[in-house]
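Listed in order, the protein sequences are those of chains R and W.
Under my numbering, the residue at position 428 of the first sequence is numbered 452, and the numbers go up by one with no gaps.
Under my numbering, the residue at position 53 of the second sequence is numbered 125, and the numbers go up by one with no gaps.
Derived from the structure by calculation, the hints contain no laboratory data.
No residue lacks a Cβ here, since even glycine has one placed at the ideal position from N, Cα and C.
Worth double-checking, as some hints may not be accurate.
As the list claims (entries may be wrong) - The calculated label-pair distances, taken between Cβ atoms and stated as ranges, are:
1) Lys484(R) x Tyr232(W): 41 to 51 Å
2) Lys233(R) x Gly208(W): 25 to 35 Å
3) Val201(W) x Gly122(R): 45 to 55 Å
4) Asp264(W) x Glu89(R): 28 to 38 Å
5) Asp205(W) x Glu420(R): 33 to 43 Å
Unchecked claim - Here are the computed lysine-lysine pairs in the DSSO-like style, where the Cα-Cα straight-line distance is at most 30 Å:
6) Lys170(W) x Lys101(W)
7) Lys170(W) x Lys344(R)
8) Lys209(W) x Lys233(R)
9) Lys209(W) x Lys344(R)
10) Lys136(W) x Lys253(R)
11) Lys478(R) x Lys204(R)
12) Lys136(W) x Lys298(W)
13) Lys302(W) x Lys175(W)
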Amino acid sequence: MKRRTGAVLGLLMAISLLTGCHGRQFEDTFTMPAQFDESRQIELTFWAKNDTNKTQREIYDRAIEGFEALYPNVTVTMRLYNDYGKIYNDVITNISTGTTPNVCITYPDHIATYLTGSGTVMPLDELMEDADYGLGGAALRYDAPTTAQIIPEYLEEGKIGEHYYALPFMRSSEACYVNKTYVEALGYTLPETLTWDFVWEVSEKAMAKNPDGTFQINGQQVMIPFIYKSTDNMMIQSLAQLNAPYSEADGTVSLFQEETTGVLTSVAEHAKSGAFSTFKISGYPANFLNAGQCIFAVDSTAGSTWMGSDAPLVDIAEEKIVDFETAVMTVPQYDPADPKMISQGPSVCIFRKSDPQEVLASWLFVQYLLTDEIQIAYSETEGYVPVTSKARETDEYQEYLSLAGSDGDAHYRVKIDAVKLLMEHTADTFVTPVFNGSASLRDAAGQLIENVTKAVRRNKTVDEAFIRDLYEEVQALYHLDQSGLGASGQEQELGELPNESVGLIVLLLGAWCVIAAVAIRDWLKKRKE
Amino acid sequence: MKKALALMLTMGLALSLAACGSKADGNAKSEGVMTYAEYAAADLDAEVVIEAYVQAKQSWWDNKATIYTQDQDGAYFIYEMACSEDEYEKLTTGTKIKVSGVKAEWSGEVEIAEATFEIEDGNYVATAVDATDLLGKDELIDLQNQLVSFTDMTVEAIAYKNDEPGDDIYVTLSKDGNNYEFCLEYYLNGSDEEFYNLVGSLEAGQVVDVEGFLYWYEGMNPHITKVTVK
Chain R
25 MKRRTGAVLG
35 LLMAISLLTG
45 CHGRQFEDTF
55 TMPAQFDESR
65 QIELTFWAKN
75 DTNKTQREIY
85 DRAIEGFEAL
95 YPNVTVTMRL
105 YNDYGKIYND
115 VITNISTGTT
125 PNVCITYPDH
135 IATYLTGSGT
145 VMPLDELMED
155 ADYGLGGAAL
165 RYDAPTTAQI
175 IPEYLEEGKI
185 GEHYYALPFM
195 RSSEACYVNK
205 TYVEALGYTL
215 PETLTWDFVW
225 EVSEKAMAKN
235 PDGTFQINGQ
245 QVMIPFIYKS
255 TDNMMIQSLA
265 QLNAPYSEAD
275 GTVSLFQEET
285 TGVLTSVAEH
295 AKSGAFSTFK
305 ISGYPANFLN
315 AGQCIFAVDS
325 TAGSTWMGSD
335 APLVDIAEEK
345 IVDFETAVMT
355 VPQYDPADPK
365 MISQGPSVCI
375 FRKSDPQEVL
385 ASWLFVQYLL
395 TDEIQIAYSE
405 TEGYVPVTSK
415 ARETDEYQEY
425 LSLAGSDGDA
435 HYRVKIDAVK
445 LLMEHTADTF
455 VTPVFNGSAS
465 LRDAAGQLIE
475 NVTKAVRRNK
485 TVDEAFIRDL
495 YEEVQALYHL
505 DQSGLGASGQ
515 EQELGELPNE
525 SVGLIVLLLG
535 AWCVIAAVAI
545 RDWLKKRKE
Chain W
73 MKKALALMLT
83 MGLALSLAAC
93 GSKADGNAKS
103 EGVMTYAEYA
113 AADLDAEVVI
123 EAYVQAKQSW
133 WDNKATIYTQ
143 DQDGAYFIYE
153 MACSEDEYEK
163 LTTGTKIKVS
173 GVKAEWSGEV
183 EIAEATFEIE
193 DGNYVATAVD
203 ATDLLGKDEL
213 IDLQNQLVSF
223 TDMTVEAIAY
233 KNDEPGDDIY
243 VTLSKDGNNY
253 EFCLEYYLNG
263 SDEEFYNLVG
273 SLEAGQVVDV
283 EGFLYWYEGM
293 NPHITKVTVK
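Construct the entire structure; sequences and hints are all you get.
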């Protein structure tokens, strides 16, 4: 099965998130060493993620090689994954056995769960601020970025509670890849910013058919004008654009409310006509887009090399690819004057170890991943942007951007357009609060759209009663109706003890009193004798 | 003599009827269950109920099983069917099951999704149908998900997913100058080390016979289960 494995593992991740995390408690015993000890050998393990992209692996290899050359006493062993969910599952397994990696590519949502009840992830504050080994520190053997040179919006995403637990490694967002040729053939002109109204209107118009049952716009049997890859993002961004509540940092869940119902009602209307579908229901948006069977394909900017007639990566037969012009636009907006788009992409964290030198070596490696060479090389593999202004401002990176469209591979126009879009909209990006359970909530947000879409395709009536039942079902499925959610990195208020527990404690105390009374009586009796 | 002949003819007729009856029973459907033809004709997103026999198990996780099933008329790919781990153990090759779910299509692969099942009495193990002559023809899709074989194919290329062993292997085979994509689906048979190594070590130019389930991903993409190097 060529690419669906990722979806399976994504679901696996969602389920496993519910299992919680029961690692042993680490005490906060880390003391920043005054000096990095280069007299002894240090072995680091690095769990990384790539996008089934050979070049990305080569860049990781190059990073390790370069780092080991600078610090010959450190050896870095990499384990490569192509799915965040699998990394997450392996970390959870290894927390319980005390065998976590030293450095790990991850999402802040996952760190929030790692932190729950275990404290296995290193807070980075002290390391970041150290004059010698901190960000841009004097004793570093490479040119690392300073704190100020990390894009502030991205830096803040790694802050959970009062501490930084992750640094950004790469950033992406979602883009809408548009078949501009078909939009214009339908009599429309693309606006400067896509709106939901525009996308729905064009999508509905594209559903017109010929007498033989084929679609007028493409002459084919298949046309799904609007396909969304990550429906969790679709819901989260919609709510953010509507300034509607979703969740709070303390774990408060606000997903199941009026504005969500409005979004679902709209989805139901257009899914019913066949104008909208999702990756989970129909397949990869890129495959439909490239076959001329989709007009608006929303996917990650990190998937931009799969998008368009001339995409360097394709999953469909050459003869199925249709020639069209691809426009790269922001995801549809409710208020084009105030666009909002989600920030996503890998971050990097360090797991706590008893040896401070091992932790320091990990930190040195993490900073090395933020150097210009690694940042620029990795970002060029896909629609990622470097997370430092330092890398972005280099002549090398500026030249890369300026060569957009000069070839169909390294400078593939759609990829660089996606990167430019993201850089232009850095200030419009947002993230959702991170807490233990926030990843489950994200999955629930997507599940609502999936279920509504499936329901109307199956001729079910999607009305208020249906949505009310759906809310209950999804809350139960993702355990959002339980009291297990809460802020990470801080003590949780657990409330009063249940009556049964109080009764048990009283019973135990009573039993101990009886035992003590009997023992004292026996002792007095012996003493008298 | 006449009596003996009459007796033999009668016995022969009885045996023939019994044989016919056996065959008919083997593929007979319970009340409310679709024939393969009815299933094939059903719309996407329609609720379907079928009876079929397990041919291979692909994966189980979180009480969901993905399996290949078949009856004498056609095949059904059951995607993430509700199934406990204990039940999954009972789904040995040939086991008859009744499946209720929704007919769906994902990237060209027609499957039964959101399914539930119950085990029934009966057993049937399909033999591979030689589909070599259907390569490149529209009729090939009629065999979707069935156990099929292709003979005298030439190896063109082998590629590991993620560029290293440990996941799917993409196998490009050719016939009469045309390339066709096959896949060793890791979840289906990646744990068979000998088979995984055999496929991973195939070299361009070798001629092979292959057998597998006719999975579909944007076109034919059989999940291979057997390779014979010639």
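Enumerated hints in conflict with the structure, sorted upward: 5, 7, 13
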